[in-house]
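Enquirer: So the chains spell out like this:
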Amino acid sequence: MSTYVLRYFPIKARAEVARLLLLASGDKFADVMPDWPAEKENQPLGQLPVLIETLEDGTEFELSDSVAIEKYLARKSGLLVKTGSMDTAREDQLRSQINDVIDMHYAYMFAPEGSHEVIEARYRSNAKAFVKYHEKILAENGSNGHYFGSETTYMDIALFAFITVIRQPNEKAIKDCTDYFSESNAPGLNKVYETVQASSIAAPYVATLK
Amino acid sequence: MSTYILRYFPIKARAEVARLLLLASGDKFTNVIPEWPEEKDNQPLGQLPVLIETLEDGTEFELSDSIAIEKYLARKSNLLVKSGPMDTAREDQLSSQIKDVIDMHIAHMYAPEDSREFIEAQYRSKAEAFVKYHEKILAENGSNGHYFGSKTTYMDIALFAFITGIRQPGENAIEGCADYFSKRNAPGLNKVYETVQTSSIAALYVATLK
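Chains as they are written, first to last, in my numbering: chain G, 1 to 210; chain A, 211 to 420.
Same shape as in the complex, but just chain G (with noise of 0.2 Å):
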């Protein structure tokens, strides 16, 4: 069995996919935060969050980039989609499109004041894209909750984490970021978030968020 060192900021950001499926699949792992920016020049790329893997034999492998270590977690668990190369190219789409979003939503709470307006105006436009287009997926899978087939999948993981992230409140963030994402704007979406926030995979994480 391996354990498992994910090292981030102490924040609900980019790294709460990866917490999510760690907690679920019982591995033991630490949330390990570096001393910033003193150890950024020891993380591949000067970047967070990394995830430290030490295997049985002892050996370790470090892995960075969140979507890596999302999916590398998800695909140990079987949580990537199964249905075949469209599907997952589907699901590289999706998950992608996320970043789409909340990067610009990051991007605005830490550039410079002259950046904001087209930040601002880029975060409104992918928003609403992406919930149109979202929308319409779910509805063409059956409006069940799931992005894919009738069951979790990383893909409804993700989306939940994405709406956990976007609505904790922040006097930084784009004025009413999280109203692209209400019940009334998004019902797709919030039944993916609601079916993955009573779910037994999501349970011990959700026992964090209180």
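Each hint should be verified, as a subset may be incorrect.
For the chain A half of the interface with chain G, some residues (derived, Cβ under 10 Å), not all of them [stated by the list, open to error]: (1) E248; (2) R285; (3) R300; (4) S305; (5) H356.
SDA-like mimics (lysine to any residue), calculated; alpha carbons at most 25 Å apart, straight line [unchecked claim]: (6) G:K175 with A:G256; (7) G:K136 with A:Q257; (8) G:K82 with A:I262; (9) G:K132 with A:K222; (10) G:K76 with A:S325; (11) G:K132 with A:E270; (12) G:K128 with A:E248; (13) A:K361 with A:A331; (14) G:K128 with A:I262; (15) A:K286 with A:T405; (16) A:K342 with G:M33; (17) A:K286 with G:T54; (18) A:K250 with G:K12; (19) G:K82 with A:T298; (20) G:K28 with A:G294; (21) G:K172 with A:A331; (22) A:K361 with G:L63; (23) G:K82 with A:A383; (24) G:K12 with G:T164; (25) A:K309 with G:K175; (26) G:K128 with A:S325; (27) A:K342 with G:K132; (28) G:K136 with A:P244; (29) G:K136 with A:T405.
Derived by calculation from the structure, the hints in this document are not laboratory data. Yeah, the Cβ is synthetic: ideal placement off N, Cα and C, and Gly gets one too.
With the hints as your guide, set chain A onto chain G.
Expert: Coordinates of chain A only, in the frame set by chain G:
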């Protein structure tokens, strides 16, 4: 046999890997340049590139997001790594890191004047870290012109397309953006570039560059 349409602008930016793979596959495909911005709302999430596959039975599969498209085509041509989940995770990480650098490069070219300084700083920081980490990875694989094993895989092709693109900077590109990736600064990356450039897989694509 499927046929394909690749919708994108007539520029070398986010569709080169897809073009290379489609040419290599021998499958019939067409580059289509949509009227822009008129057709923006007709694209999933109002973005390009978009791949439309028409299957033998006449059904269509429409896919967006450049990396999802690339991996879909690479999987069909057996070019994704097949040496286990750790290598697949590494492949995901490395290709995402290319995107991190390209995104800053493209952002700089289209951003308003007062955002450019901030974006340039991010580009330089990411490009430096990218080269440092990727040179290490390539040396660990034997400095043989490949990211994985001893044959050309998707990641080699993605790197080749990236270098090809960054060496043709457009208007408002960051000054010296390609210098980080020069032969002297990045010998390992250049070996991958040259290996792909002379490979049979890339031959049809390379012919279009002349």
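Enquirer: Go through the numbered hints given earlier and state which of them the structure violates, listing their numbers in rising order.
Expert: 1, 5, 9, 10, 13, 17, 18, 23, 25, 27 and 29
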